[in-house]
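Student: Construct the complete structure from the given sequences, taking the supplied hints into account.
What follows is each chain in one-letter form.
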Amino acid sequence: MTPPLLEVRDLHVDIPMPHARLHAVRGVSLTVGAAEPVGLVGESGSGKSLTLRALLGLLPRPARIVSGTVLIDGEDVTGLPPKRLRRRLTDTMSMIFQDSLTALNPVMRVGDQIAEAPSRKLGKSRAEARAIAVDLMREVGIADPERRYELYPHQLSGGMRQRVCIAIALSTKPRLILADEPTTALDVTIQAQVLAVLRQLRQEEHVGLLLVSHDLAVVSQTCSRLYVMYAGKVVESGDLTDLVTEPRHPYTFSLLRSVPDPDRRVARLLTIHGRPPDLTEPVTGCSFAPRCPFAEHACREGEPALEPVGPGRHSACRRVDTADRWNAMVEEEAGSAR
Amino acid sequence: MRYLVFILKRLVSLIPVLIGISFIVFFLIRLIPGDPASTLLGVHATPQAVKELRDQMGLDKPLLSQYLTFLGHLLRGDLGFSYVYSSSVMDLITTSLPVTIWLLVSGTLFTVVIAVPLAVLAAARRNGLADNVIRAVPVVGLGLPAFLLGIVLILVFGLKLGWFPVAGYGLSLADHVRGIVLPGVTVALSLAPIVIRSLRASMIEVLSSDYIVTARSKGIGTARVVLGHALRNAAVSSVTVLGVNIAYLTGSTLVVERVFSLPGIGQQMINSILGRDFPTVQGITLAFAIMVVVVNLLTDVTHAALDPRVQLT
Amino acid sequence: MSAVAAAGPAVSAAPGGRRRRRGRWNAPLVAGLALFGLIVVLALCAPLLTSQDPLKQNLQDAFLDPGSKGHLLGTDALGRDVLARLLYGARVDLRVGVVAVISPLIIGSLVGLVAGWFGGWVDAVIGRIVDMVIAFPFLVLVIALVFAMGPGTTSIYVAVTLVGWVAYCRIVRGQVLVAKEQEYAMAARASGLPTWRILLRHLLPNVVLQAIVFSMSDIVLTLLAIVTLGFLGLGVPPPTPDWGTMIQEGQQFLLTKWYISAIPGLAVVVTGLALALIADGIVEKANQ
Numbered sequence: 001m002t003p004p005l006l007e008v009r010d011l012h013v014d015i016p017m018p019h020a021r022l023h024a025v026r027g028v029s030l031t032v033g034a035a036e037p038v039g040l041v042g043e044s045g046s047g048k049s050l051t052l053r054a055l056l057g058l059l060p061r062p063a064r065i066v067s068g069t070v071l072i073d074g075e076d077v078t079g080l081p082p083k084r085l086r087r088r089l090t091d092t093m094s095m096i097f098q099d100s101l102t103a104l105n106p107v108m109r110v111g112d113q114i115a116e117a118p119s120r121k122l123g124k125s126r127a128e129a130r131a132i133a134v135d136l137m138r139e140v141g142i143a144d145p146e147r148r149y150e151l152y153p154h155q156l157s158g159g160m161r162q163r164v165c166i167a168i169a170l171s172t173k174p175r176l177i178l179a180d181e182p183t184t185a186l187d188v189t190i191q192a193q194v195l196a197v198l199r200q201l202r203q204e205e206h207v208g209l210l211l212v213s214h215d216l217a218v219v220s221q222t223c224s225r226l227y228v229m230y231a232g233k234v235v236e237s238g239d240l241t242d243l244v245t246e247p248r249h250p251y252t253f254s255l256l257r258s259v260p261d262p263d264r265r266v267a268r269l270l271t272i273h274g275r276p277p278d279l280t281e282p283v284t285g286c287s288f289a290p291r292c293p294f295a296e297h298a299c300r301e302g303e304p305a306l307e308p309v310g311p312g313r314h315s316a317c318r319r320v321d322t323a324d325r326w327n328a329m330v331e332e333e334a335g336s337a338r
Numbered sequence: 001m002r003y004l005v006f007i008l009k010r011l012v013s014l015i016p017v018l019i020g021i022s023f024i025v026f027f028l029i030r031l032i033p034g035d036p037a038s039t040l041l042g043v044h045a046t047p048q049a050v051k052e053l054r055d056q057m058g059l060d061k062p063l064l065s066q067y068l069t070f071l072g073h074l075l076r077g078d079l080g081f082s083y084v085y086s087s088s089v090m091d092l093i094t095t096s097l098p099v100t101i102w103l104l105v106s107g108t109l110f111t112v113v114i115a116v117p118l119a120v121l122a123a124a125r126r127n128g129l130a131d132n133v134i135r136a137v138p139v140v141g142l143g144l145p146a147f148l149l150g151i152v153l154i155l156v157f158g159l160k161l162g163w164f165p166v167a168g169y170g171l172s173l174a175d176h177v178r179g180i181v182l183p184g185v186t187v188a189l190s191l192a193p194i195v196i197r198s199l200r201a202s203m204i205e206v207l208s209s210d211y212i213v214t215a216r217s218k219g220i221g222t223a224r225v226v227l228g229h230a231l232r233n234a235a236v237s238s239v240t241v242l243g244v245n246i247a248y249l250t251g252s253t254l255v256v257e258r259v260f261s262l263p264g265i266g267q268q269m270i271n272s273i274l275g276r277d278f279p280t281v282q283g284i285t286l287a288f289a290i291m292v293v294v295v296n297l298l299t300d301v302t303h304a305a306l307d308p309r310v311q312l313t
Numbered sequence: 001m002s003a004v005a006a007a008g009p010a011v012s013a014a015p016g017g018r019r020r021r022r023g024r025w026n027a028p029l030v031a032g033l034a035l036f037g038l039i040v041v042l043a044l045c046a047p048l049l050t051s052q053d054p055l056k057q058n059l060q061d062a063f064l065d066p067g068s069k070g071h072l073l074g075t076d077a078l079g080r081d082v083l084a085r086l087l088y089g090a091r092v093d094l095r096v097g098v099v100a101v102i103s104p105l106i107i108g109s110l111v112g113l114v115a116g117w118f119g120g121w122v123d124a125v126i127g128r129i130v131d132m133v134i135a136f137p138f139l140v141l142v143i144a145l146v147f148a149m150g151p152g153t154t155s156i157y158v159a160v161t162l163v164g165w166v167a168y169c170r171i172v173r174g175q176v177l178v179a180k181e182q183e184y185a186m187a188a189r190a191s192g193l194p195t196w197r198i199l200l201r202h203l204l205p206n207v208v209l210q211a212i213v214f215s216m217s218d219i220v221l222t223l224l225a226i227v228t229l230g231f232l233g234l235g236v237p238p239p240t241p242d243w244g245t246m247i248q249e250g251q252q253f254l255l256t257k258w259y260i261s262a263i264p265g266l267a268v269v270v271t272g273l274a275l276a277l278i279a280d281g282i283v284e285k286a287n288q
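Chains as they are written, first to last, in UniProt numbering: chain P, 1 to 338; chain H, 1 to 313; chain B, 1 to 288.
Source of the hints: derived by calculation from the structure; they are not laboratory data.
Treat the hints with caution; some may be incorrect.
[What the hints assert, rightly or not] Ranges between beta-carbon positions, derived for each pair: (1) K83(P) with N206(B): 47 to 55 Å; (2) T95(H) with V283(B): 54 to 62 Å; (3) A187(B) with P16(H): 37 to 45 Å; (4) Q252(B) with L109(H): 29 to 37 Å; (5) Q252(B) with T95(H): 33 to 41 Å; (6) E246(P) with Q311(H): 40 to 48 Å.
[As the list claims (entries may be wrong)] Coverage of chain H stretches by chain B, computed from C-beta distances (three or more under 8 Å per stretch; other residues unrestricted): (7) 26-33; (8) 56-63.
We put the CB at the ideal spot given by N, CA and C, even for glycine.
Tutor: This is the structure in structure tokens:
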């Protein structure tokens with residue numbers, strides 16, 4: 001069996017603060033296979049973006065990696081000297097950000113930004129790099145690339161800029177693209193176009209995708225496997241269809257019930273009350289228990305570990321209930337309240 | 001083409017400022033107690049000459065028409081006549097102005113050479129030893145007058161080490177270059193702390209921005225990220241700071257020229273003050289103001305060239 | 001962006017938290033105030049610290065080295081006691097420096113207040129005048145004005161005021177433009193108070209802080225300008241002792257009797273440093 005393209009084991013990220021230490025990512029493990037589209041879902045503050053940035057060594061100040069292992073093609077790269085590590089990571093992966101306006105250098109022509117990696121990193125001549133950039137622009141669906149090559153970021157629309165960002169990500173010939181909420185800042189129609197570009201790339205170029213989003217709809221349009229993060233940990237993982245039809249963690253269940261689903265018969269939306277736990281304090285018990293509609297007394301004692309709950313599926317919930325039963329419980333409660 | 005139109009429009013917008021400058025310079029002479037004409041001519045003037053000048057300046061006419069006469073002379077390049085030097089003020093200025101411009105240009109170059117590496121180093125190694133030292137220097141430098149700095153440089157590099165001439169400007173180009181080093185460094189050392197401070201701050205801001213993360217995620221070298229992406233962006237705001245301060249420090253060339261005996265317009269101004277040569281002082285004050293206006297214009301033009309987001313219309 | 005946002009208020013709170021911990025005083029402010037206080041005390045106590053007359057010439061005792069009997073810091077080319085001239089010079093330079101900052105501060109703030117509050121053509125006219133004045137390098141215009149009005153401390157005060165007020169005017173005007181949209185200003189206006197009362201009692205206390213902060217670093221620049229004027233022979237007229245004049249007088253003996261220039265030079269640097277530290281500390285405090 002070939003090792004996965006990317007494997008992360010037990011990643012911990014801290015953010016030092018004046019009087020405390022915010023334990024933002026608490027032992028995340030995940031794998032992405034070659035050309036596999038994987039989603040990482042959770043609300044803001046769950047540590048999903050930090051996880052993504054840590055993978056490329058691009059954490060914002062003052063966050064830092066405390067521990068963790070990264071394997072590429074089964075090889076542990078964590079021990080490499082910093083320069084070679086960065087080289088190895090950036091050769092394998094590249095990244096797309098949420099806000100394309102701030103992610104692009106405002107004083108550099110967009111074409112030059114795409115051509116930079118080919119000329120500076122892959123050693124192409126100026127003319128070759130330019131040709132590569134124009135091709136990439138065409139590939140991500142930018143019409144009239146020769147003319148747009150000369151423009152500056154502020155002269156392009158949001159959708160066009162995000163396409164430029166994707167072209168930049170592709171310019172290093174990566175095997176995996178890390179996308180951090182790539183469509184959140186865009187209109188719905190443009191969102192669909194950008195997601196279509198990402199899907200097409202995966203099929204035609206065999207590039208893997210690790211997509212971070214708070215939006216289940218976006219992830220389910222693009223990915224085949226999901227990780228759900230809550231309070232710095234993965235609480236559930238598995239195939240998209242399994243997770244959506246039969247969630248095994250109340251958090252995943254609540255997320256699914258908080259977006260309208262036209263197929264579902266019961267149209268009542270569930271809101272998740274309360275706030276995620278304060279991660280400057282040690283977590284006791286299940287981190288979701290205070291907000292969980294189904295929490296029992298036992299849930300508040302000892303944080304549950306991620307356990308296998310089916311083929312290729314893991315959940316960090318002690319309750320072995322099914323989504324049907326949870327649905328019934330929610331309806332029942334709503335009924336009695338009325 | 002749009003850029004040329006932009007420059008032309010900026011030039012046109014300078015007209016009110018230039019009129020204002022001429023206003024202040026015009027009133028400078030009126031501040032002097034007594035009759036302007038006899039003040040201008042000096043103590044040894046004959047009554048006949050005073051009367052002629054009075055008529056020429058229109059001193060018996062209303063103030064507005066006096067000003068218009070003055071403005072008319074200005075527009076024809078006539079800044080009056082220096083009786084002390086027996087020469088037209090315009091000639092005095094045109095012979096000494098190149099030295100001052102040369103001093104300003106070399107001072108700016110030295111400033112960039114000193115400030116950019118230090119600011120980049122401080123920003124890249126934020127809160128490190130180098131950063132703390134570099135941040136402390138401007139506080140000390142702020143209280144250090146340019147003339148004192150010049151004297152120290154003369155003492156060390158001119159008299160003790162003998163590397164550079166102590167004073168003067170020489171006659172050949174090689175002399176000019178050697179003669180301008182210490183004065184240029186003096187100007188730069190007064191200017192550099194301010195520029196370091198602003199460039200460091202904008203470098204730090206830029207280095208934490210998303211597009212730097214994008215650039216780093218490409219896997220290109222750190223040097224390329226810092227110099228190619230961060231410095232270019234940080235320069236956009238620092239050019240304005242540099243420009244404003246060059247304009248401000250144009251006045252310090254006056255002191256530096258004095259210390260190093262450079263025959264520029266600053267030195268000329270002080271000599272004219274000590275010789276009570278009013279027309280020359282007036283003309284040079286005007287020349288200084290025009291230099292500031294030109295520096296500000298160059299700053300705007302450079303800023304527009306560096307930052308594609310500036311609206312050129 | 002999203003990673004920062006994901007980290008929530010934690011990241012953005014970090015710098016603020018660090019500042020708060022530093023409390024009411026910061027190191028530059030304390031050091032600057034201590035140093036400046038010492039200089040002021042030395043200047044005030046000049047008659048107690050030296051029995052020498054700073055003006056008395058004695059050509060037979062010229063060029064005495066520091067440490068000579070009766071002349072702790074030696075004598076200059078005219079045989080005048082350097083210590084006495086240094087201490088009495090401090091009185092002159094500090095007084096002129098401080099006074100020359102106060103009047104631009106007051107006048108500039110008031111004009112800025114009026115320009116910002118009334119706007120319209122008043123603002124436009126004041127704006128044009130400001131543009132005219134800032135077109136001149138500070139030192140050049142001050143020198144030209146002092147020259148036109150004749151030498152003396154009064155000329156220096158007037159010249160520095162005529163040139164220096166524009167900076168305060170711009171600062172206060174900017175602050176007023178913000179403050180006048182705020183509720184307390186609206187409320188004062190709605191209450192029908194006379195305009196001058198609204199401006200002086202309600203608006204001024206809220207907008208003057210930035211101007212005062214700036215005046216701290218302005219004192220440094222003004223002191224340097226005054227010393228520079230003295231150095232150029234255009235400052236406080238001789239024989240009144242002044243550091244700039246002392247440096248200039250010693251300059252021709254640099255190679256042999258370097259201390260004649262170096263001692264007042266050091267005094268300028270130390271005073272400048274003290275004021276710069278205070279300014280730095282106050283800016284830091286104001287940013288909190």
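Student: Hint by hint, note whether the structure agrees.
Tutor: Going down the list of hints, with the structure as the test:
Checked against the hint of 47 to 55 Å, the pair K83(P) and N206(B) passes, with Cβ atoms roughly 54 Å apart. A hinted range of 54 to 62 Å for the beta carbons of T95(H) and V283(B) is inconsistent with their spacing of about 44 Å. Remark: the range hint 37 to 45 Å for A187(B) to P16(H) is upheld by a beta-carbon distance near 38 Å. The hinted window of 29 to 37 Å between Q252(B) and L109(H) holds, with their beta carbons roughly 31 Å apart.
Between Q252(B) and T95(H) the Cβ separation comes to about 27 Å, which falls outside the hinted range of 33 to 41 Å. Distance hint for E246(P) and Q311(H): a CB-CB separation of about 56 Å, inconsistent with the stated range 40 to 48 Å. Check on the segment 26-33 of chain H: 5 of its residues sit with their Cβ under 8 Å from a Cβ of chain B, so the three-residue criterion for coverage holds. Coverage of the segment 56-63 of chain H by chain B is violated in this model, with 0 residues showing a Cβ closer than 8 Å to a Cβ of that chain against a need of three.
Checked against the numbered hints listed earlier, the structure breaks hints 2, 5, 6 and 8; every other hint is satisfied.
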